[in-house]
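S.K.: Once you've looked at the hints, dock chain B against the given chain A.
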Amino acid sequence: MEEDKQTTHSRTQAEPAYTPLGTPSTTPVGLREGDIIHTSPELAVGEADVRFAERGEIVSGSSLGRDAWRRLLKNRLAVFGMIVVILVTLASILGPFIIHKATGYTPDYIPTEVGLLKSFPPFTSPNGAFSWKHPMGTDNQGRDLLARVLQGGQISLMVGIISTLVSLIIGVSYGAVAGYLGGRVDNVLMRLVDVLYSLPYVIIVIVLLSMFRSQTARGQLVLLFVALGSVSWLTMARIVRGQVLSLKNQEFVLAARATGVSTPRIIFRHLVPNTLGPVIVYATLTIPTVMLTEAFLSFLGFGVQPPLASWGSLASDGIQNIAIFPWQLIFPGITMALTLFSLNFLGDGLRDALDPQMRKF
Amino acid sequence: MKSNKGNLLEVRDLRTYFETEDGTVKAVDGISFVLQRGETLGIVGESGSGKSVTNLSIIRLIPNPPGKIVSGEVIFNGQDIQLLPESEVRKIRGRRIAMIFQDPMTSLNPFMKISRQLTEITQLHLGYSNEKAREHAIKMLDTVGIPDAPARVDSYPHEFSGGMRQRVMIAMALSCEPELLIADEPTTALDVTIQAQILELIKKLKHETGTSVILITHDLGVVAGMTDHLLVMYAGKVFEQAPTRELFARPGNPYTRGLLRSVPDPTAEQSELYQIPGLPPDLARLPAGCPFAERCERAEEICRRQFPPFVQLTPDHSSLCHFAGDVYQQSAHEGRP
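Chains A and B, in that order, are what the protein sequence lines are. Numbering-wise (my numbering), the first sequence opens with residue 34 and increments by one. Numbering-wise (my numbering), the second sequence opens with residue 36 and increments by one.
Hint data in this document are derived by calculation from the structure and do not stem from the laboratory.
Stretch by stretch, here's where chain A covers chain B in the computed footprint (C-beta under 8 Å, at least three residues):
no., segment
1, 94-105
2, 126-133
3, 137-143
4, 151-159
Every beta carbon over 10 Å from chain A, so not counted as near; a handful from chain B, in silico:
no., residue
5, 48
6, 59
7, 163
8, 227
9, 283
10, 296
11, 312
12, 317
13, 329
14, 365
Note that beta-carbon positions come from the ideal geometry of N, C-alpha and C, so glycine has one too.
With the rest of the complex left out, here is chain A (with noise of 0.2 Å):
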């Protein structure tokens, strides 16, 4: 009993719950270093303009995205980020070539010698010796694992970016007009989306996918990019709306019908743009999130096909042999981890480069 009183009395003294008024132990939260603190941009602008416009000079501001730019670099987990992801595309887009010229493999060639029919661990060639043929060692039918997780790379990022450029095109439109035009339109449109909302999405891209079932592998493909896009862009449109439905009462959106500017205009010419900054920071995060999705239907079997490889079917053949030929799953696993980690770094250090008020402290 004696010796309990003693442990907690002298925890509170090495570390005190609080700190006298005035004396802060550590910065303050939510402020990270490096971080510029805008105390009123505003009125910085018109300091300048004041000292120098009569001198004719021009006052350099900093444009909006040079500013986010610059956020965006003292952030080392989104750069980070940035460059896995530039260098994972880049060796997705180039590798199976590379790996062509060097060792001859494609990421479908399958041996025609019975004795390389099987699984091979990393850097080992037939006879057991070591070998730079297959840095990734070769799946079940002796196919170069690296050149296929590459490949997969490919098919992957390509689901991601194309999804989300649907869902960005379909999504903005959607929201944008319905922002605009509000009143019974808006209603409509935006019940619209709520049902969809509603709907499990896997589900409708799971029916989707095998009510339309195509018969070759590239069919496949397109069928999911559209299924993925079609169901991804909801949020995208509420995100929009929202954001048009805060713009469209400000007064350069009066100004601009003043102007005898059409309503399409409007909404395309001068309000999309100013809620690029959200969007952007969406479409960032829609990319992993779709990708993900895509590994889960190709998991299951819905995705891509074979002789195409994603990391999703990779690691559904890997899991397969998991006891035995681990690599199969480990590598295509690590990738598509370490992938969606940077991109999601990546999103997160946008959305506080271009939007340091939503910043999550």
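M.R.: For chain B alone, coordinates are given in the frame of chain A:
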């Protein structure tokens, strides 16, 4: 040069109502006025008296719903704007009737370069090519007194100060040489020295281009040196209408007198500032009588019971008051109130 005579704009019995949850708000209730070519008309009144709604109604920019122009005619150059299809009205907006808004900070699109915003209007209405529109934009910026216009034309609005932005707005409004410029409290958001510059600029440009101007403001100091005619609005109605000089010298309405007394006089010794007691009435629940009766010094029984008549004091001076004649006489007797 356009002919300097004749009516450019004639508003007859304009009524704009807003349907709200509290009932129908009669923001503009039976406004009539005439604006002649080359003339400047000032519209003054407190916040919420219907000044801005009147002008948005003229170019049909009332958000509908909830707003609706219930009745009235807006005759611009002999054409009733209320009867035109939307596409025709759009050709008038910006081209023949231009507007300047209150807050220059928000009335420029933050994501568009100044050049884009300035060229858009001339390309739209005058069919200018890219180069010609750009040239014109630079010329306009120069006209409104922005130094080093060729370099600054590609700036974004946030690189400009408030006064500069208002100059850009004026450049934009005057790009197509409109016949009518509606300035909705163009100087409210600016500090006093910039205010004077902007007003001077509007005056100068008006003189050069012969544009008619409607100047909306709640600042009597602003209208004094700028306008030919004045319209005093209260609760969506015209309370008094007169040539500026006459209105300042001999107001025929207790409300106008109150407004004039509210202007602080820097030379006066009195430490207490005058203010009209009370608040403007709820436009959704207007009393049966005079809407100003509750706040009026001279209100009598009849004011609360019966809506006042629009009394014509002189050929171009009218006042909405039961005692317009008395007030007019009193003002004339006192000189400046």
